[in-house]
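Chemist: The lines below spell out each chain.
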Amino acid sequence: MTDTSNMSPEDREARIAEYALGTLVGEARIALEAEMVRDETLRRDVAAWSERLQPLADSVPPVAPPQHLRARLLARIGEGVGEERPFSIVRWLAWTFGASALAGAVAVAAVLLFTPQPPKLGGYAMLHDAAGSDSVIVFQIDQKRRDMVVLAQAPAAGADKDYELWILPPGKNPVSLGVVKAGERMERPIAPETAATLKPDITLAISVEPAGGAPGGAPTGPVLFTGVFHLAGK
Amino acid sequence: MEGGTAAVMPQASAPQEDPGRGTVPQLQLEPIAANDPPVPFGESDPLDSLESLIEASAAGNRAAFSALYDAAAPQLFGLALRILKRRDWAEDVLQDALISAWRNAGEYRRELGSGKAWLTVILRNRALDRLRRETTSRLEPSGDDMPDVEDPSPSALDLTISGESGRRLMACLEQLEEVQKRAILMAYFEGLTHEELAARIASPLGTVKSWIRRGLQRLKGCLES
Chain A
1 MTDTSNMSPE DREARIAEYA LGTLVGEARI ALEAEMVRDE TLRRDVAAWS
51 ERLQPLADSV PPVAPPQHLR ARLLARIGEG VGEERPFSIV RWLAWTFGAS
101 ALAGAVAVAA VLLFTPQPPK LGGYAMLHDA AGSDSVIVFQ IDQKRRDMVV
151 LAQAPAAGAD KDYELWILPP GKNPVSLGVV KAGERMERPI APETAATLKP
201 DITLAISVEP AGGAPGGAPT GPVLFTGVFH LAGK
Chain B
1 MEGGTAAVMP QASAPQEDPG RGTVPQLQLE PIAANDPPVP FGESDPLDSL
51 ESLIEASAAG NRAAFSALYD AAAPQLFGLA LRILKRRDWA EDVLQDALIS
101 AWRNAGEYRR ELGSGKAWLT VILRNRALDR LRRETTSRLE PSGDDMPDVE
151 DPSPSALDLT ISGESGRRLM ACLEQLEEVQ KRAILMAYFE GLTHEELAAR
201 IASPLGTVKS WIRRGLQRLK GCLES
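As they're listed, the protein sequences go chains A and B. Per this note's numbering, residue 1 is the first one in the first sequence, and the count goes up by one each step. Per this note's numbering, residue 1 is the first one in the second sequence, and the count goes up by one each step.
Honestly, the hints are just simulated from the structure, not real lab data. Beta carbons are placed, not taken as given, at the ideal position from N, Cα and C, and that holds for glycine. You may find that some hints are simply not true.
Said to hold, decoys possible - Here are a few chain B residues that face chain A, going by a calculated C-beta distance under 8 Å:
# : residue
1 : R62
2 : L79
3 : G163
Work the whole structure out from these sequences, hints included.
Modeler: Put into structure tokens, the structure is as follows:
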């Protein structure tokens, strides 16, 4: 995928504007988000376009959301949703582009490369395929080992297929960390006993399973991605 | 709070409920009604307030976040409804977006843009993701998928945008060819991709792409002139 740095100024500007407008999709969007992680100028240019288009958002008549939504949201905040903010990774990006995942994935990669110890990150693994493609699955766990985030920068697993993430403890059965959707950011709690198996240098793997995950609780399909778990800062 | 200059956010001084909430505040932050001050952000510049509330939320101040909700949620919900045209989806997206804002408030940097634009980008990204997930997962809309919100697209092209930056944007949009302007607004408000726009406007994909591209280019040129 072409970096905007290799584009003519006109093409670069068009790419950024289309991203802010929302018409940039698929690989092109992913590539731009990935590039934003390492290019602050690009981030600023995207932000400037968002600001330019902001009056359009302002033109929409406000609608009071239902009262229950406010109560529910504040209750969730009260329960401590996000209290730990364990995955505070990249300025300006994580919040916006977390939903579209791939920025997140590469964001993590970039941070891990350039920051000795991102805040509150407990450990991580980067899973690659044997072919050495650009695809990467990023796994993170916070310091308290309560939540994990998985970001899958990879093509879809296929029709009626899902990726499933496993811990492979030596000499024991694989432990499932659940189904992982390509191109999505998944964030969920991790059971304490599962988290306890995450020792340094343990292998994580992604296998291709029937939709919904391996039926018998053990991997059935081919393993596509593997990577080694590291403690943050190590 | 002591003294009259309450610039510092108090911790959890706000009521969880706010019975005085009758009006629909605009994102253009009017400070919260005087009888219902979840967070006294003082008499600071109103335009500064949303940024302050995000920063206070980043420090874990729930009162600030509830004030942020009251200030921003109606505008964001309006936009979510506009894009998604279904209340249930819009409610999901609004909730996800605001949880995301709470969790990631610490990532917000003023120098990268206004708090309003920050929240809007979060909301729009979520809404567009949702829209595209729904449209790819069901090709034929069933009766259940009838929009809850009347599609306002024809009249919505007659935008009324207030504020100085809004007037400038309007003036520049007016300088575009009608079809360029239409394509850009449909993309922004309905989350249409190039392909969907081409189908909607019944024009070749390449033509639509180049309308948008040239339209955005001229828009920027005009805004910067």
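Chemist: Hints first: check each against the structure and report whether it holds.
Modeler: Status of the hints after comparison with the structure:
Given hint, R62(B) at the interface with chain A, holds; its Cβ is 6 Å from that chain's nearest Cβ, closer than 8 Å. Look at L79(B): its Cβ gets to within about 5 Å of chain A, closer than 8 Å, so that hint holds up. Taking 8 Å as the C-beta cut-off, the interface hint given for G163(B) holds, the closest approach to chain A being about 7 Å.
Hint compliance for this structure: no hint is broken.
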